[in-house]
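A.B. asks: Each chain is listed here by its residues.
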Amino acid sequence: MNLLEVKNISKSFDDLQVLKDISLSVNEKEVVSILGPSGSGKSTFLRCMTFLEKIDGGSMSFCGEEAVNSENGYPVYVHKKKLRQIQGYFGLVFQNFNLFPHYSVMKNICDAPIHVQKRNKDEVAEEAKELLKKMGLSDKADYYPYQLSGGQQQRIAIARALAMKPKMLFFDEPTSALDPELTAEILSVLKGLAAEKMTMIIVTHEIDFARSVSDRVVFMDKGLIVEEGSPKDVIDNPKNERTKTFLKKMQAEL
Amino acid sequence: MKTQLKRMTVCLLAVITLIMTFQCLICFAANDREEFTIGFDAEFPPYGYKSESGEYVGFDIDLAQEVCNRKGWTLKKQPIEWNSKDMELSSGSIDCIWNGFTMNGRESKYTWSTPYVDNSQVVIVKSDSDIKELSNLSGKIVAVQADSSALAALTGDDATDENKKLSKSFAELQQVGDYNSAFMNLESGAVQAICMDIGVANYEIKSRGNKFKMLNDKLSTEKYAIGFQLGNTELRNEVQGALLEMLSDGTFEDIAKKWGLEESVCLSADDKYIDSTDTSTTNNDFWQQLGQITVQLLEGLLATLTIFVLTLLFSLPLGLLVAAGRMCKIAPIRWLIKIYISIVRGTPLMLQLLVVFFGPYYLFGIELSSSYRFYAVIIGFSVNYAAYFAEIYRSGIQAVPKGQYEACTVLGYSRAQTFFKIVFPQMVKNIIPSVTNEVITLVKDTSLAFALSYTEMFTIAKQIAASKTTIMPLFIAGVFYYIFNFIVAFIMERIEKKMNYYK
Numbered sequence: 001m002n003l004l005e006v007k008n009i010s011k012s013f014d015d016l017q018v019l020k021d022i023s024l025s026v027n028e029k030e031v032v033s034i035l036g037p038s039g040s041g042k043s044t045f046l047r048c049m050t051f052l053e054k055i056d057g058g059s060m061s062f063c064g065e066e067a068v069n070s071e072n073g074y075p076v077y078v079h080k081k082k083l084r085q086i087q088g089y090f091g092l093v094f095q096n097f098n099l100f101p102h103y104s105v106m107k108n109i110c111d112a113p114i115h116v117q118k119r120n121k122d123e124v125a126e127e128a129k130e131l132l133k134k135m136g137l138s139d140k141a142d143y144y145p146y147q148l149s150g151g152q153q154q155r156i157a158i159a160r161a162l163a164m165k166p167k168m169l170f171f172d173e174p175t176s177a178l179d180p181e182l183t184a185e186i187l188s189v190l191k192g193l194a195a196e197k198m199t200m201i202i203v204t205h206e207i208d209f210a211r212s213v214s215d216r217v218v219f220m221d222k223g224l225i226v227e228e229g230s231p232k233d234v235i236d237n238p239k240n241e242r243t244k245t246f247l248k249k250m251q252a253e254l
Numbered sequence: 001m002k003t004q005l006k007r008m009t010v011c012l013l014a015v016i017t018l019i020m021t022f023q024c025l026i027c028f029a030a031n032d033r034e035e036f037t038i039g040f041d042a043e044f045p046p047y048g049y050k051s052e053s054g055e056y057v058g059f060d061i062d063l064a065q066e067v068c069n070r071k072g073w074t075l076k077k078q079p080i081e082w083n084s085k086d087m088e089l090s091s092g093s094i095d096c097i098w099n100g101f102t103m104n105g106r107e108s109k110y111t112w113s114t115p116y117v118d119n120s121q122v123v124i125v126k127s128d129s130d131i132k133e134l135s136n137l138s139g140k141i142v143a144v145q146a147d148s149s150a151l152a153a154l155t156g157d158d159a160t161d162e163n164k165k166l167s168k169s170f171a172e173l174q175q176v177g178d179y180n181s182a183f184m185n186l187e188s189g190a191v192q193a194i195c196m197d198i199g200v201a202n203y204e205i206k207s208r209g210n211k212f213k214m215l216n217d218k219l220s221t222e223k224y225a226i227g228f229q230l231g232n233t234e235l236r237n238e239v240q241g242a243l244l245e246m247l248s249d250g251t252f253e254d255i256a257k258k259w260g261l262e263e264s265v266c267l268s269a270d271d272k273y274i275d276s277t278d279t280s281t282t283n284n285d286f287w288q289q290l291g292q293i294t295v296q297l298l299e300g301l302l303a304t305l306t307i308f309v310l311t312l313l314f315s316l317p318l319g320l321l322v323a324a325g326r327m328c329k330i331a332p333i334r335w336l337i338k339i340y341i342s343i344v345r346g347t348p349l350m351l352q353l354l355v356v357f358f359g360p361y362y363l364f365g366i367e368l369s370s371s372y373r374f375y376a377v378i379i380g381f382s383v384n385y386a387a388y389f390a391e392i393y394r395s396g397i398q399a400v401p402k403g404q405y406e407a408c409t410v411l412g413y414s415r416a417q418t419f420f421k422i423v424f425p426q427m428v429k430n431i432i433p434s435v436t437n438e439v440i441t442l443v444k445d446t447s448l449a450f451a452l453s454y455t456e457m458f459t460i461a462k463q464i465a466a467s468k469t470t471i472m473p474l475f476i477a478g479v480f481y482y483i484f485n486f487i488v489a490f491i492m493e494r495i496e497k498k499m500n501y502y503k
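Keeping their order, the protein sequence lines are chains A and B.
For the first sequence, the residue numbers in the working numbering are 1 to 254.
For the second sequence, the residue numbers in the working numbering are 1 to 503.
Worth flagging that the hints you see were computed from the coordinates, not collected in a lab.
Errors might be hidden in some of the hints.
[Said to hold, decoys possible] Simulated crosslink set (DSS-like; lysine-lysine; CA at most 30 Å straight-line):
1. Lys133(A) - Lys503(B)
2. Lys165(A) - Lys421(B)
3. Lys421(B) - Lys338(B)
Just so we're clear, the structure is a prediction, and the values are computed from it rather than from any experiment.
Based on the sequences and whatever the hints tell you, model everything.
C.D. replies: Right, here's the structure in full:
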């Protein structure tokens, strides 16, 4: 089953068209990386898919349930209540973590499951401890975000997203606010999640990262998907000129 | 603590003495007088007031001008706060108080000219009032000007037993700052009668149409004279000389006629000065006086505290509501709130207090009850501070990063949860320094309640200062304000530290 079905999405900011007729489907247990130079629209694409931006046209379905369609020529979102239910199917990990600074690590992870999903307090706390263990941060439960390194904060943010038990996870450049040596921490967490068959859509511009973790790579440029396929095909054997230029530039930087 | 207080008072006294010595030196140095400065209450027609053309005019002003013409001095007209008249005089910023100034009961406090007007204290009520004689005043709210001769006639040390009894029968004896305010109180129903000088009463009744009337019963008779600083007989004699000259050549009579006071004047060349060497009344034991003043001020401090606490209690949440309106998606609400904030921040708080108190009567004709005075103070302060707090809240809310809201959306928080769980606590941390500032300002702003004749600490300090001819109460009040703010600052600092558990 396609967990995510995005069709013909378009999005403009004022006169600037950022997304032009983009479609993407993601299978259950699939890990998809979205690559592209800055300004290619990949972040906007992710924000549209997570409802942080409203689309101008197109349709989106999650787990077979339609969230928005444009059958009348303009986008119609489903009712608020339904939309929030669909929102619960996915989680999002931000570039700069966006942890709640006034909450301890534990509260950051537990608050939404307890107060949004109304789940049992003790059960959630138990799960949170498990998640922290998995992230290798069992000793940080009572810390506040400012006391942690960037890599640690990002792992807490991932734990926070996972605590909601999402069916899929979106990542918005999860390593670009981190020092290179901390990137490896996140990469190993993502690899672990992939091994557990978590469905993930990752926006990144780290090529090695994309290659090592994804089943499929989507390359975007100027609001369009220009190339799509396995990491081997797209990264090691690109056919499109723009993909080649981008990859060359990125590799030259390394 | 006690020794500290002692030391502090000694220091204060030293400073005051120094200033006074300095001023005396200046006084004696300026022997060749060129200017003559009279202090007067600019809201006391027909003796001294601001005319429609904006100049200070009146019977006393004309007399002073004539004296100056004869002496070759330049007249300087200095309107003063009536409560501060003694400070003005002893500091040398005015040469005399010449303003329908009642000498009865103040004989030993000033060096007086001989009396020139015979005046009486009368009672003014609304034309349609059912108060016909003094005994009807029982159970009523009566206004007098603070530190006026009417007040002295009712409750002063030299008041007759009858008057003392009468004033005790009042529901309340309300002290007001000036006669305009007294008449506004009377007209709006906040008080039912005013006690005042007959000359002023006649003038006010004439100029305010027939809305008010005077009772036939009089509280007392009294005399007006010019008050100089105690001991300044030299200047007094010069002025008195010029006045007698004017009396003999008829100028005095002419000026009296011009102001319709020919019936009241009583200047006579036969009168003798009442100079006395007895100063016992003003030289109470220092420590006893200090104690008395402190006790009186502590009562006022309670009123100040009440204003402070209630204002914060109402304005802090109200500000949140206003801030919400200010950031509302519905444009008309946003504009309305913007206009409200703009008006509140753009006009004096004192004016806003007056509008809140007198507005209901003058705009809608609603009779005011006396208890409304207190409510008006709290409403006025709360409405004012809510506007300032709203803007502080807004800045605090806008300082919360957009990413926090996005994280909330993705985690499924409702709008209320987002605000109260995530945004509000972060806002509180952001705004504490600005709120501290505002709260400290509020402590000092409470003194503005005097505009509505609400007797908080500063009003009382001014009243004591006026009646005891000393500025000590003002200094003590200052110390109280400082201690109050010191505590406020200390508490706010603790809260700020507490909020430092995260960054």
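A.B. asks: Could you tell me which of the hints above the structure violates, numbers in ascending order?
C.D. replies: none
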